[in-house]
Each structure stands twice: as C-alpha cells, then as structure tokens.
Amino acid sequence: MLSYALRRLLGIIPVLIVVSLLVFAFVKLMPGDPARIYAGPDASLEAVDAARHQLGLDQPLTIQYLQWVGNFLTGDLGIAYRNRQPVADAIGESFFPTLWLSLAAFAWSSVAGIAIGVFAARRRGRWQDYTAMSIAVCGISMPSFWLGLLLIQYVAVPFGLFATSGYAKPLDIVLPAITLGSTVAAVMARYTRSAYLEATHEDYVRTARAKGLTNRMVVWKHTFRNALIPVLTMLGLQFGFLLSGSIVIESVFSWPGLGWLLIESIKTQDQPVIQALVMLFVTMFLVINLVVDLLYGFIDPSARRD
Amino acid sequence: MTTQNTVNDSHALILKADHLSVAFESEQGPTQALHEISFDVYEGEILAIVGESGSGKSVTSLTTMGLLPENGRVTNGHLWYSPRDGDAIDLTTLDDEQSRILRGTRLGMIFQEPMTSLNPVLKVGDQLTEAARLHLKLSARKARDEALAMLSKVRIPSPERVMDEFPYSLSGGMRQRVMIAMALMTRPRLLIADEPTTALDVTVQAHVLEIIRELQREFGMSVIFITHDMGVVAELADRVVVMQAGRVVEQNSVHDIFAAPAHPYTQKLLAAVPRLGAMRGMPLPHSFEIPGESAAEAQASIDYDTDPLLEVDALEVRFPISSGWFGRARQEVLAVDRVPLKIWPGETLALVGESGSGKSTIGRALLRLAKSKQGFIQFADTRLDNLTDDQFRHWRGDMQMVFQDPYASLNPRLTVGFSIAEPLLIHKRVPSLNKAMPTVERLLEQVGLKAEHARRYPHEFSGGQRQRIAIARALALEPKLIVADEAVSALDVSIKAQVINLMMKLQRELGIAWLFISHDMAVVERIAHRVAVMHLGRIVEIAPREQLFAAPRHPYTKRLMEAVPIADPAQRHHRPVDTQEPRSAVIPRHQQQPPYHYREVGEQHWLFTEGNP
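For the record, the sequence lines run as chains A and B.
Going by the working numbering, 65 is the number at position 65 of the first sequence; the sequence numbering is gapless.
Going by the working numbering, 242 is the number at position 242 of the second sequence; the sequence numbering is gapless.
Treat the hints as calculated values from the structure; they're not laboratory data.
From the three backbone atoms N, C-alpha and C, an ideal C-beta is built for every residue, glycine too.
Do not rely on the hints blindly, as some may be mistaken.
Unchecked claim - Pairwise CB distance ranges (calculated):
| no. | chain 1 | residue 1 | chain 2 | residue 2 | range |
| --- | --- | --- | --- | --- | --- |
| 1 | A | Leu9 | B | Arg141 | 33 to 43 Å |
| 2 | B | Pro594 | A | Asn215 | 35 to 45 Å |
| 3 | B | Ser152 | A | Ser302 | 25 to 35 Å |
| 4 | B | Arg396 | A | Ser302 | 30 to 40 Å |
Said to hold, decoys possible - Below 30 Å or equal to it, Euclidean Cα-Cα: the simulated DSS-like pairs (lysine-lysine) are:
| no. | chain 1 | residue 1 | chain 2 | residue 2 |
| --- | --- | --- | --- | --- |
| 5 | B | Lys142 | A | Lys221 |
| 6 | B | Lys371 | B | Lys428 |
| 7 | B | Lys153 | B | Lys558 |
| 8 | B | Lys373 | B | Lys480 |
| 9 | A | Lys221 | B | Lys153 |
| 10 | B | Lys505 | B | Lys450 |
| 11 | B | Lys123 | A | Lys221 |
| 12 | B | Lys505 | B | Lys342 |
| 13 | B | Lys480 | B | Lys505 |
| 14 | A | Lys221 | A | Lys28 |
| 15 | B | Lys137 | A | Lys221 |
| 16 | B | Lys435 | B | Lys450 |
Bound conformation, chain A alone:
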C-alpha cells in the first residue's frame, strides 16, 4: 500500500513537467509585451528595455523556462507585474477564500448528491425518482453563473441576509457555495443513482437477500459500499470541475479567491501569477485524484493488491 502511494506520488512528476511546458508556452504565446506591463503604461522605451533585461525576458526561451522552473522549485514564484508584490503572497491571500468556498461547495454537493442518488434509486420509477432526476437535469443544464445571478437578485438583495459580493461574515459563503456546488450535486445524484442501480443487479446482492439479511444490511453493507467505488472516482473528477467552476463563480460574487485572482491576472497579463496559478490548479487536481485512488484501496480490496 505504501509503495503504491509512493509510486503514484512519483507518477505526478512527469505530468507536472509536461504541464509546466504547456503553461509556459501558452503564456509566451499571449499577445502583448510583459515588459511594457511591468514598466507601466507611461514608461519610456529605455525603461521598458531595462525592465525586460531585469525580468530576464531578453534571454532565450529555454533559459527563461529553466530559470522559471528553477525558481519555482526553490519556492520563488516571482514578482507580480501588476503591483510588484511577490506572487507567493498574492496566492497566499487568495488561497484560503477559495479553499473554504470549494470545501463548502464540495461538502454539501457530494453529500446531497449521493444521498439524493441513493434515494432516487431506491424509489426507482416512482414520482420521487422522477422529481429528483428532473431537478438534477435542471442542475446540470443551468449555467452556474446564471444561478449565481438569480440568487443574488432574488435571495441576497431582498432579504439582506447574505452579501451580494465579497465576504465580510461567515454566512456570506452560503450563496456562492450553493451556486458552485449545484452542478456537482446534480451530476453526483445522477451518477450515484445509476451506480447504485447497477449494484442492485449484482449477484452478490441477490446472495445477501437469499441469506435473509435485513433490508438495511442489504442496502448499506452490500449494495452501497460497492456502488461507492465508481462514485468515488467521479467525486475526484468533480473536484477538479469545482476548481474550474470557482473561477466563474468567484467573478460573479467578487469572491477574493484564486479564480478571481486568475481572471484579474489574465486581464492584466500578469504572467508570473498566471503561471503559478495554473500550476497550482493542476497540482491540486492531481493530488485530489491521488487521494481518491488511495481511498479506493480502503473500499475496494482488489485495488489493494500489488
């Protein structure tokens, strides 16, 4: 188990190398001159050249890349062009708002999604099932930024309980979390329902019933645990989806998180910040999926063997 975890952790490295190359290439392909942005709109040509030299932008691309990677590995993420603040500080400030928002959204949506999925599956073909699944389809099809705007318009504004933007008090997290998690909850509900239904047709569930086990044992011990295996993989993927969703939602609610920071940095072509943020997003995505795969081992014993 431990060696498996270690091997998987090492497996992340090549992915990160490829991603770093892609990110670097994309940023370099963006139109505009970063030295000009760094020096400011009113700077003279000499000042821009000086800035270019200072930032190492006059070096060949390979050297630039290696330098960036080298600095990155030593923990130096560079200086943001926009406000000359260290990138690490900017990310540090924005990290926790995004973390809380994502966790809140993830928590409610996975619990609700799985619960609704099992509920619908157990009442398959009845009105409860149809209702739950219709709502789920709405949740999947509705663009989340629109849901966010609706919530601001019809919940935040008239009742004044939640802020329409930013966060000042803990309660302010509710609306963005609902918005961010709605699609995930809907996807998980549908997915859990079908995974559960598939598991109910398995022979071992019939065996469990043949043993005269109680309904509760058949459902939770024999069916649900098996249904959870595919559901867990899906959850990992959904977390990645949530991260990308946060970019949009944070803009809608002006949530001072990583997504909002990314949008701002793209607007101002703040290359070091963009690069660092994308690497961070990718790493989080990979780590979460690794965690899911390791969790697998606890649920699915056959995944544990070497």
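Using the hints provided, position chain B relative to the given structure of chain A.
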C-alpha cells in the same frame, strides 16, 4: 455419516408446489413463466429440476425463496412449506418480513456464478458469519468458530486464512465451496442449488457435487438441485422433475426417468445428452441421432500418411503479469509451453482441458489473436510464423474462428447479412455488399437458416441460431481450418447436438478441418478424430479419440475422464474430494522450463514425458 440416504424414508413433505403459476409484468404485457406446476419435495431427498433455458426452473427456485424480481408475481396456486411442527405455510402469501426470516433460518440457496455471487468488498469471514449472527443471534466469536468448522466441512484448505481473505483471491471452485458453507451456516432444512456447478471445471464440479451430497446426508436436509446437465442429475438426484417452457412435463425417480422416460421431451433431452462411452467401438466420429431430425452419420477417415494441413511445433505463449504503473513484470503466466500440434485436412482435432490450461490461447495464437513468443507454424506448406502481420492477413481467410458466446460475438447494430458479408468485403472477394448477398444467402442456407434472415438483426435470433450465423460468417472465406473455441458450450443440450451435427455436416461436405476447443469430454467423444489433452500449458497426451477414451494413459487424462458425470444413475460412484487449490502456471519471468518430449505409445498416440528423448 449419521443417516443413510433417506429417500422418502419418512415420506414427510417439506415443500409442495400446487398448481403454481408465476407471471412477469413487462411493457409488452404479462408473460407467463410458470404454468400451474406441481411437485413435491420430501425430507432428506435430493430433487433435481431439469430443463433448458427458459423452462422456468430458476423462477421456481426464486419463488420458493421469495426472491422474485419486482415485476414477477404468483398468479395462481400455492407453495406449501411444512415446518417441523405446526401447519403448512403457503409461501406465496408471506409478507416480505416473514419471507426474509424464513430465508434466513429454514432455506438456503447457492447460485450459479461463484465469481460474482460473493461480495467483492467484504471479507469471506464477514459474509459467512453475518446471517448466523443475525438469525441465530450468535456472538461474533461463536459465529467465527461455526464458520471455520463449516469451511472445513466443505474442504477448504487453511480456513483460518480464507476467513480473512477477500473473494478475489479465491478460485471459482473455492468460491463455490464458500457459497455452500455460507448457505449452510444457518442449517437450513431445504437447500436450493441453482446450477451450482455449471460454471466450474469438470474435476472441480465432481468435488462440489460430492460435498453437497455428503453434507446433505450429514445434516439430513432436502436439496432442490436445478440443472440442465443430465449427467449431474444421474450422479446426484433421488427424484427428478423435468420442466419445459414453464410446465412440469414429467416427474419420477431418477432410475425410472433414465430407464423409461415417458414424456417425448424427456426422451428427446436424454437422447441429446452426450454420454461418455457412447461411441465405444466406433473409430470414426458420428453425428448425433436426433429422433425425427437426423440419423447418425460417420465422418470420413483421415489418411495420416499424407501431409498435414497445419503443423505447429514448440509454440510458446507467455503473459507477463504486470504490477502497478512502474512495476516491471516479475512473473508471467506460462499459457502455452512449447506445444506441438498437427491437423490433417478434413480432420477434427479436439483440444480438451480445464480453464486456464491454455487451450484457448493455442487457438488464438494460431490466428495471431494472441502473441506467441516463439513457435514453428506451417499451414498448407507455408511458414506462417515468420510472416509480418500484413502478410499474415492474407492467410486469415484460410483459418477462421468461432467463439463461445454467440451473444457477444455478433455486432448487435449490424444486420446478420452484413456480418457474414464483412469478411468478403474486407478481403476484397466481392466489390460491394449487394454483390455479396447471393453468397450470404447461400451460406445462411448452408447452416440451416433462411436466405431472408440476412436482413435481420442478431437480437431476433436464439443462441443456437446465432452460433449458426457465426459459423456462416466463418465459412464465408471458404477456410480450410476453423478454430471453434468452446463454440457449443453456452448452448442448451438439444441445440448443442444440432450445432455439432451442423459442424460435422460441413466437414463432410466441404472438407473443413476443425480445431475443436472444449472442456466437454462427452461432446468431444462425438466429434473428434483425435484428441489432445491439455494441462497447465502443455499437451499431456494426444491420441485417436477411441483409443484415448478407451485407454487413457496419462494420470491427468484419467483424472479428467473420471470426473465426467455419467448420465446413468446405475453407474453412480464415489470420488475422493481433493482439497488442493488448483496448481497455476505462474512462473518467474523468462524462466527456462525443463525439457520434455513425447513418447509414442500406440498408433498416433503420444504421451508427455519429462526430460530429453
């Protein structure tokens, strides 16, 4: 052994079906699965319910257990269960809770598929003990002791270890033993075994049957044994109920059923049963005699002095077992170990062996569906083993394959006609689908179907018909050799006999050579000119059919023959139960295997011998 086999000893009824009817609701309306069936089960007897697929035998068992799917319901009749004391209970009137408690305390069931009937995420020990803890209120400790004792009874080696294993680490035979132990944990009065040995190898089947028989006597329980295999019935049952299309057509004692079957369907079923030894004294293969359909016809004899059609030597296939992402394979499965093989034109060579013996891999390696490590392959005077894949494609037309599962081997979205025409189009034998149609229609008629079937889709056909279609497709390129990989194993007995007759007819008419891969010794005895017995990747014995069946030489061949159920209750005999896990062919990577050769012990009769000649 506490009691003798108490056939009707007490004449106490334990279960009585009285004009029981069951229907299934579907969107097309109700379908009647059982039509007023009646039968009795007495205490301490083994009642076999026999029938082909769709006969309603499984529905009968599910109704007894109260496990009918939601859309199934009892429409008529009663199912009386007699408790040890008190009045009979009608099982059809129980509510869910009563039925659940009865299942947990008085009834037990074993299912067909040992690989999927155990929960993969729960330890064997947990699955074994949960019912006893729930229903008998045993403590965890007591239940564990019980389970260990029960595992020993079903002859599981090292039960302590197995208790803490997950099912994936057990073989099919071991899992089925665990299933039996599990069903018996609560000491049921009636055990229902639904095709419990169908998915097992014949030697494993023999052990499982022996265990069921032993425990039935020891616990004095009644058993309803559901099967389609008349051989198993003859080995095990006290009485037999024959079912066809949801009706009981005949019931009688096992001796009377076999000696004097009264109903035409029973007669037909028994006639279609391949019986080991039925071909004694006939050197050539004969097709089945099917009453009212076809007479037995002999195949042509083979001149072994001519050049063989296919000659294989030292064929070797190894499958590396990889571990993890970066883990290098340290072990491999030695699937086929330096196997030699010859097939003459118009001959049927049967390759028999149990699952994992490598017989299917040989067939696949010949057609390059599996990658062989080395081996000399010569087909019709041409070396095939050193051809590139591109060059080899040309030869695929001469060697075709028919697979086991007729449901999975035809593309459901293509018409049957297109499926048959496809090889012709790929090999550019015809310019267009339209031009291929006359050939397709001729092929369909050749395999006993109708020309207009070409426009239909696979789901409109039964399993036997689909297998005919698969054969027609294999015939399209006019091959000289067809590899039939368990091609009749999934079919009901009567259908099986028809398809085998078809294969033999095609051999007589077209001179096709068959490499007939099968685990079914009785079928092989019918169809083969010569038989090769495989064990752990090697052919241990190869001989003309009659000689092999009359005088097997290799110990493994003998064991295999011994394990085949004999469809004659008069010849019932005991077999010792083997407690060993089957040996596997897993070896360290690239390990050299010791040399072996073959010794000629009779005409065309070769025996595996270790060491150099």
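Out of the numbered hints, which ones does the structure contradict? 2, 14
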